[in-house]
Amino acid sequence: MFRSIKWQIIFWFVLLIVIIMTVFGLLLTDSLRNTQLANLAKQLENEALVVSQICLPYLVDSAPENSKSLDTLVKSLGKDIEERITIIAIDGTVIGDSEEDAGLMENHSSRPEVKDALASGYGESTRYSTTLNEKMMYVAIAITDGEGVFGVTRMALPITHVNNFINSIINNIILATAVAAAFVIMAILIITPITIRPIAEVTRAARRIADGDFDYKITSGGSYEAGQLAKAFNEMRYKIKEMIEKISSDRAELSNILENMTDGIIMTDTDGNITMVNNACLKILNVKDIEITGKSLIEAFRDHQLNEILRQCLNTGKQQTTQFESISLKKFIQ
Numbered sequence: 181m182f183r184s185i186k187w188q189i190i191f192w193f194v195l196l197i198v199i200i201m202t203v204f205g206l207l208l209t210d211s212l213r214n215t216q217l218a219n220l221a222k223q224l225e226n227e228a229l230v231v232s233q234i235c236l237p238y239l240v241d242s243a244p245e246n247s248k249s250l251d252t253l254v255k256s257l258g259k260d261i262e263e264r265i266t267i268i269a270i271d272g273t274v275i276g277d278s279e280e281d282a283g284l285m286e287n288h289s290s291r292p293e294v295k296d297a298l299a300s301g302y303g304e305s306t307r308y309s310t311t312l313n314e315k316m317m318y319v320a321i322a323i324t325d326g327e328g329v330f331g332v333t334r335m336a337l338p339i340t341h342v343n344n345f346i347n348s349i350i351n352n353i354i355l356a357t358a359v360a361a362a363f364v365i366m367a368i369l370i371i372t373p374i375t376i377r378p379i380a381e382v383t384r385a386a387r388r389i390a391d392g393d394f395d396y397k398i399t400s401g402g403s404y405e406a407g408q409l410a411k412a413f414n415e416m417r418y419k420i421k422e423m424i425e426k427i428s429s430d431r432a433e434l435s436n437i438l439e440n441m442t443d444g445i446i447m448t449d450t451d452g453n454i455t456m457v458n459n460a461c462l463k464i465l466n467v468k469d470i471e472i473t474g475k476s477l478i479e480a481f482r483d484h485q486l487n488e489i490l491r492q493c494l495n496t497g498k499q500q501t502t503q504f505e506s507i508s509l510k511k512f513i514q
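Numbering (this note's numbering), first residue to last: 181 to 514.
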């Protein structure tokens, strides 16, 4: 069943849909991921600028009480905007953090986003956070009054929602692929029988001809190509019928001629098996069993001399003429 044209068409169309949707999905999800991450980075940058301006006065005056107030402020801001905020001194010391105790946190001077922010004013990094146990995006900007740098504001958000968004897109693409494949399968199951009907008709006609029914005719219909196929097949059927009728007529004529000859005639194939023999030959060779078609000469007539002449003729491809006395028949044969 699965070797039929219908199922082969279904297989290749579904495979094509899967390949196209896979390539489309990879390109789309990659583009959307980059866009989402870029938008997230821009959002964190804008928020970091606002937080930097709020925290700048606390860093300009480095009194101990300002550090405590800054940490309290950062925790309050982080709670309000639901993002992690970290304020870092230019030597990498954490002054305030919205999630952790700043005094217990390690030096951040080696963090790539902090190093970039101190060097160029802006830094960005995406990596796994061992503190929060999830992948985070970090955006850091330098805290400056336009003349000097007093520290770094770092904003952080998990990229879970980006991954969730991409996963939802992937699920939708898979669903769309399944729906498209199902639609194609149904369409092919409906359309293919109509399309391949001429082929099925030709198959039936060929079987009828193989059974000897040369009067079976295909009716033209469907597409132009189907009509041309039906026309060509009918022409072939007619020519085959004519050829067989001519062969039958010629064979009947030949048989009639042979039967009216007084000379004995034996016709064989290239293997020496009898294909035709006339009554005169049967009388001459004294053979009463006329069912000898398909037999060899030696099997039919039991005469080695006659068989030897046939072998010489077959081996040389030339006419052989001889006269001999058949011991078994007790008569001369030429």
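The hints are simulated quantities; they were obtained by calculation from the structure and are not laboratory data.
You may find that some hints are simply not true.
Unchecked claim - Each pair of labels, with its calculated beta carbon distance range:
id, residue 1, residue 2, range
1, I350, K186, 46 to 54 Å
2, F193, R387, 43 to 51 Å
3, P373, Y308, 51 to 59 Å
4, S289, L217, 50 to 58 Å
5, S184, A390, 17 to 25 Å
6, I185, K463, 58 to 66 Å
7, G497, R387, 37 to 45 Å
8, I349, S249, 38 to 46 Å
9, A360, I424, 50 to 58 Å
Unchecked claim - Derived DSBU-like pairs (lysine-lysine); straight-line CA-CA distance at most 30 Å:
id, residue 1, residue 2
10, K498, K426
11, K222, K255
12, K248, K295
13, K411, K397
14, K397, K426
15, K475, K463
16, K498, K463
17, K295, K315
18, K419, K315
Heads up, the beta-carbon is just placed ideally off N, CA and C, and yes, glycines get one too.
Hints, verified against the model:
no.: 1; hint: I350 - K186: 46 to 54 Å; result: violated (31 Å)
no.: 2; hint: F193 - R387: 43 to 51 Å; result: violated (30 Å)
no.: 3; hint: P373 - Y308: 51 to 59 Å; result: holds (57 Å)
no.: 4; hint: S289 - L217: 50 to 58 Å; result: violated (25 Å)
no.: 5; hint: S184 - A390: 17 to 25 Å; result: holds (21 Å)
no.: 6; hint: I185 - K463: 58 to 66 Å; result: holds (60 Å)
no.: 7; hint: G497 - R387: 37 to 45 Å; result: holds (40 Å)
no.: 8; hint: I349 - S249: 38 to 46 Å; result: holds (44 Å)
no.: 9; hint: A360 - I424: 50 to 58 Å; result: holds (52 Å)
no.: 10; hint: K498 - K426; result: holds (29 Å)
no.: 11; hint: K222 - K255; result: holds (22 Å)
no.: 12; hint: K248 - K295; result: holds (24 Å)
no.: 13; hint: K411 - K397; result: holds (9 Å)
no.: 14; hint: K397 - K426; result: holds (20 Å)
no.: 15; hint: K475 - K463; result: holds (18 Å)
no.: 16; hint: K498 - K463; result: holds (27 Å)
no.: 17; hint: K295 - K315; result: holds (20 Å)
no.: 18; hint: K419 - K315; result: violated (79 Å)
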